[in-house]
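Novice: The numbering of the sequence shown is full-length UniProt numbering, which starts it at 1 and goes up by one.
In case anyone wonders, no lab produced these hints; they're calculated from the structure.
We put the beta carbon where it would ideally sit given N, CA and C, even for glycine.
Distance ranges between label pairs, derived from CB positions:
1. Y46 / S24: 28 to 34 Å
2. S24 / G57: 31 to 37 Å
3. I12 / T47: 45 to 51 Å
4. K73 / G32: 54 to 60 Å
5. N35 / I15: 22 to 28 Å
6. Y46 / P70: 38 to 44 Å
7. G32 / I12: 19 to 25 Å
8. S23 / A53: 25 to 31 Å
9. G19 / K55: 27 to 33 Å
10. M1 / N42: 34 to 40 Å
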Amino acid sequence: MTNYYVQQSIQIQFIKIGGMSNSSVLQIGTCGQINTNDYLYNTGGYTEPAPEAEKSGSVTTGPSASPLVPLQKP
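Let the sequences and hints guide you as you build the complete structure.
Specialist: Set out below in structure tokens:
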């Protein structure tokens, strides 16, 4: 197995990232190897699925009369 030594200088003037998700990898520069990791732990000691959620309240659709975020007047 041969080891390589890479010396690099990276200058980024502008970068636009459209979207990232849990499985995205943003790599800038050189990387010898990327290993995926998936750690799922049952820290609560659950042995069965959670009960179904109860429906409460009302669901509205369409535009609201007032904004969802309070806005200041100009």
